[in-house]
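Peer 1: Under our numbering, the letters of the sequence shown match residues 323 to 389, in that order.
No lab work stands behind these hints: they were computed from the structure. Cβ atoms here follow ideal geometry from the backbone N, Cα and C, with glycine treated the same way. Since no wrong hints were added, every one of them can be taken at face value.
Simulated DEER-style distance windows between Cβ atoms: (1) Val-367 - Ser-345: 17 to 25 Å; (2) Gly-365 - Ile-386: 17 to 25 Å; (3) Asp-330 - Val-379: 49 to 57 Å.
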Amino acid sequence: MQSQTKTDLPPVAPAYNGKDRNSFIFGFNPQAELWNGRLAMIGFVAYLAWDLAGYSVVRDVLHIVGY
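All chains should be modelled from the sequences, with the hints used to inform the complete structure.
Peer 2: Spelled out as structure tokens, the structure:
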């Protein structure tokens with residue numbers, strides 16, 4: 323059983339195909355999945371802010387449908 327010292331750093335994930343994991347590369351690859359998730363989170367937060375400001379898209383759609 324080895325003890326870890328405070329200077330030991332955790333291993334770093336290797337780059338995918340030698341590319342930076344944060345770079346924008348077109349196509350189906352892990353970088354695209356990261357950017358898709360980030361943009362989806364930004365969109366979700368933007369919608370929540372829009373809804374909290376009083377502009378509810380869901381309420382407007384339900385009003386048109388008749389609920």
